[in-house]
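Undergrad: Each chain, letter by letter, is given below.
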Amino acid sequence: MEEVAIIGASMTQFGERDAWLADLLSEAGSECIDDAGVAPGEVEHLYVSNMASGEFEGQTGVMNVLAHDLGVMPAYSQRVDQTSSSGGAGVLAACQSVASGTSDVTLLVGGEKMTHRTTAEATDLIASITHPVEYKHGVTLPSFAGLTARHYLETYDAPREALATVAVKNHRHGVDNPHAQFRKEIDVETVLESPVVADPLRLYDFCPITDGSAALLFCPADRAEEYTDEYSVVTGVGGATDTHVVHERENPSVMGAVRDSSATAYDRAGRGPGDVDVAELHDMFTILEVLQSEDLGFFEKGEGWRAVEEGRTEMGGDLPVNTSGGLKSKGHPLGASGVAQAYEIHRQLTGTAGPRQVEDPEVGLACNVGGFGNCVITTVMEAAR
Amino acid sequence: MTLDAGRCPNGHLTYPTHPRCPECGEPQEETVDIAGGTGTVLTWTLATATPPGVRSPNPLAIVEFDVDGESVRALGQLTDEDVETGDEVRPVHVEELREPGAGIRHPDSQDWDGYRFEPV
Numbered sequence: 006m007e008e009v010a011i012i013g014a015s016m017t018q019f020g021e022r023d024a025w026l027a028d029l030l031s032e033a034g035s036e037c038i039d040d041a042g043v044a045p046g047e048v049e050h051l052y053v054s055n056m057a058s059g060e061f062e063g064q065t066g067v068m069n070v071l072a073h074d075l076g077v078m079p080a081y082s083q084r085v086d087q088t089s090s091s092g093g094a095g096v097l098a099a100c101q102s103v104a105s106g107t108s109d110v111t112l113l114v115g116g117e118k119m120t121h122r123t124t125a126e127a128t129d130l131i132a133s134i135t136h137p138v139e140y141k142h143g144v145t146l147p148s149f150a151g152l153t154a155r156h157y158l159e160t161y162d163a164p165r166e167a168l169a170t171v172a173v174k175n176h177r178h179g180v181d182n183p184h185a186q187f188r189k190e191i192d193v194e195t196v197l198e199s200p201v202v203a204d205p206l207r208l209y210d211f212c213p214i215t216d217g218s219a220a221l222l223f224c225p226a227d228r229a230e231e232y233t234d235e236y237s238v239v240t241g242v243g244g245a246t247d248t249h250v251v252h253e254r255e256n257p258s259v260m261g262a263v264r265d266s267s268a269t270a271y272d273r274a275g276r277g278p279g280d281v282d283v284a285e286l287h288d289m290f291t292i293l294e295v296l297q298s299e300d301l302g303f304f305e306k307g308e309g310w311r312a313v314e315e316g317r318t319e320m321g322g323d324l325p326v327n328t329s330g331g332l333k334s335k336g337h338p339l340g341a342s343g344v345a346q347a348y349e350i351h352r353q354l355t356g357t358a359g360p361r362q363v364e365d366p367e368v369g370l371a372c373n374v375g376g377f378g379n380c381v382i383t384t385v386m387e388a389a390r
Numbered sequence: 064m065t066l067d068a069g070r071c072p073n074g075h076l077t078y079p080t081h082p083r084c085p086e087c088g089e090p091q092e093e094t095v096d097i098a099g100g101t102g103t104v105l106t107w108t109l110a111t112a113t114p115p116g117v118r119s120p121n122p123l124a125i126v127e128f129d130v131d132g133e134s135v136r137a138l139g140q141l142t143d144e145d146v147e148t149g150d151e152v153r154p155v156h157v158e159e160l161r162e163p164g165a166g167i168r169h170p171d172s173q174d175w176d177g178y179r180f181e182p183v
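So the sequence lines, in the order shown, correspond to chains A and B.
For what it's worth, the numbering used here labels the leading residue of the first sequence as 6, then goes sequentially.
For what it's worth, the numbering used here labels the leading residue of the second sequence as 64, then goes sequentially.
Check the hints yourself; a few may be wrong.
Claimed, not checked - Okay, the calculated beta carbon distance ranges per label pair:
id	chain 1	residue 1	chain 2	residue 2	range
1	A	G322	B	A98	43 to 53 Å
2	B	E159	A	G322	46 to 56 Å
3	A	D272	B	P182	19 to 29 Å
4	A	G59	B	D145	34 to 44 Å
5	B	E127	A	P137	16 to 26 Å
What the hints assert, rightly or not - Facing chain B, according to a computed beta carbon distance under 8 Å, are these residues of chain A, among others:
id	residue
6	T128
7	H136
8	Y140
9	L152
10	V202
11	P257
If you're looking for bench data, these hints aren't it; they were derived computationally from the structure.
On a predicted model such as this, the values are computed, not experimentally measured, just so you know.
Built from N, CA and C at the ideal position, the CB exists for glycine as well.
Pulled out of the complex, with its shape left as it was, chain A reads as follows:
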């Protein structure tokens, strides 16, 4: 695969926004092409990562909306939906478009507008990904997390506090991210005393409902310096799919599509888990960060919780995870999240992450999870050489 560079990156303020999706997308998209110094007319492919604009606000065809608003016509445009991993799937689509020689300048914009819905409505809308035999029981994504967290804690004899520590860490990281929805430190007691959502998990084990957008601009790596000195390189992307019906997985505490997608991404990049200096994981629920840290090969199965407790995944640890604050404190506008993960890794690799900068990272990884591990995209990115 020809290497693909990221030459521009942007994200909007995440949180409760007055803007509707079209405005969020154009805000991020416009800032991104300005960041790269590229004229709209140079964009050859436009991908818009979005899970459910039709269901959330009644606007469909959002790729066309954005293409017109940014003035990138007649670029090829396509909406990419892979539920919560739409953003990662957009990274994969954008990389394919450039690596195949089909497009020399590809813009990816991910976004979602959610907060105008009640929590119950948004929860149901997201739960509509489930199989009919799951949906009729009122299963939600948070309840999958509760079932999985109990299985993990009981199987690996892990303490409940370790999951709370994931939330504490990511909230602490989020304080330094000006785009984050929450910039407030919390402690373990706050998590453990918050209301039960899906036992044993509580309110602070869950990411919030969020509006926001993020964007990236891609070109062939050997042309990146025509545009900018500040670029990163996508050296491997892998996508994989697990069972639709969650209870059919052999071990409920293993995320098979994380293992499979990362095997592909590592292989394409010629890298392994030991090479990764900084990572953004999909902490939609605290338990998911721990599971991914194991299934990506950073830690042994059943040991990821120890790494959290030992501080290995916090800023200053040997593998900082979710320096952006993660979905937990930054927020989770579904279609934007995978793009925002790559945005954070790009900032880290270009040395432009400001107060949350990790010291000289060379290799970064983003793991974007759709559904409850149903579809996963893992991306390996590297600093320009």
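Position chain B relative to chain A; hints supplied.
TA: Below, chain B alone, put in the same frame as chain A:
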């Protein structure tokens, strides 16, 4: 009323059924009704933030059944909040597990009856 698992010619068992076996890709050609048996709670949760038309709180479990030495699992509501991992439960039929049409899914697109799990 049945709780049908699908079986392929290689003996793999799944609940729900699929046109083709997720493990080997062979068409599933027969069904096995597991409603009359008992199963073991593999894990459970008590969900309190439930969507429109769903009872609150909503205790749920993943239950593992043994059919002639082959394991098959089902997820479902519990009749009782007082359940622990490893408990033995049996399926009990319920006419309406959640209110059809209250949520986003079209009421005619699927059925709404099914089985809750009751401690034995």
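Undergrad: Now tell me if each hint is right for this structure.
TA: Hint-by-hint comparison with the structure:
1. Checked against the given bound of 43 to 53 Å, the beta carbons of G322(A) and A98(B), roughly 50 Å apart, stay inside it.
2. Distance hint for E159(B) and G322(A): a CB-CB separation of about 50 Å, consistent with the stated range 46 to 56 Å.
3. The supplied range of 19 to 29 Å is broken by D272(A) and P182(B), whose beta-carbon atoms lie about 47 Å from each other.
4. Take G59(A) and D145(B): their Cβ atoms lie about 42 Å apart, and the range 34 to 44 Å holds.
5. Judged by the Cβ atoms, the range 16 to 26 Å given for E127(B) and P137(A) holds: they are separated by roughly 21 Å.
6. The interface hint given for T128(A) is met, as the beta carbon of that residue sits about 5 Å from the closest beta carbon of chain B, less than 8 Å.
7. Because the beta carbon of H136(A) sits about 7 Å from the nearest beta carbon in chain B, less than 8 Å, this interface hint is met.
8. Hint status for Y140(A) relative to chain B: holds, with the closest Cβ pair at about 6 Å, below 8 Å.
9. Using the Cβ-Cβ criterion of 8 Å, the hint placing L152(A) at the interface with chain B is satisfied: the shortest such distance is roughly 5 Å.
10. For V202(A), the interface hint holds, the least distance from its beta-carbon to any beta-carbon of chain B being 5 Å, beneath 8 Å.
11. Because the smallest distance between the Cβ of P257(A) and any Cβ of chain B comes to about 6 Å, under 8 Å, the interface hint for this residue holds.
Hint 3 from the list above is the single one not met by this structure.
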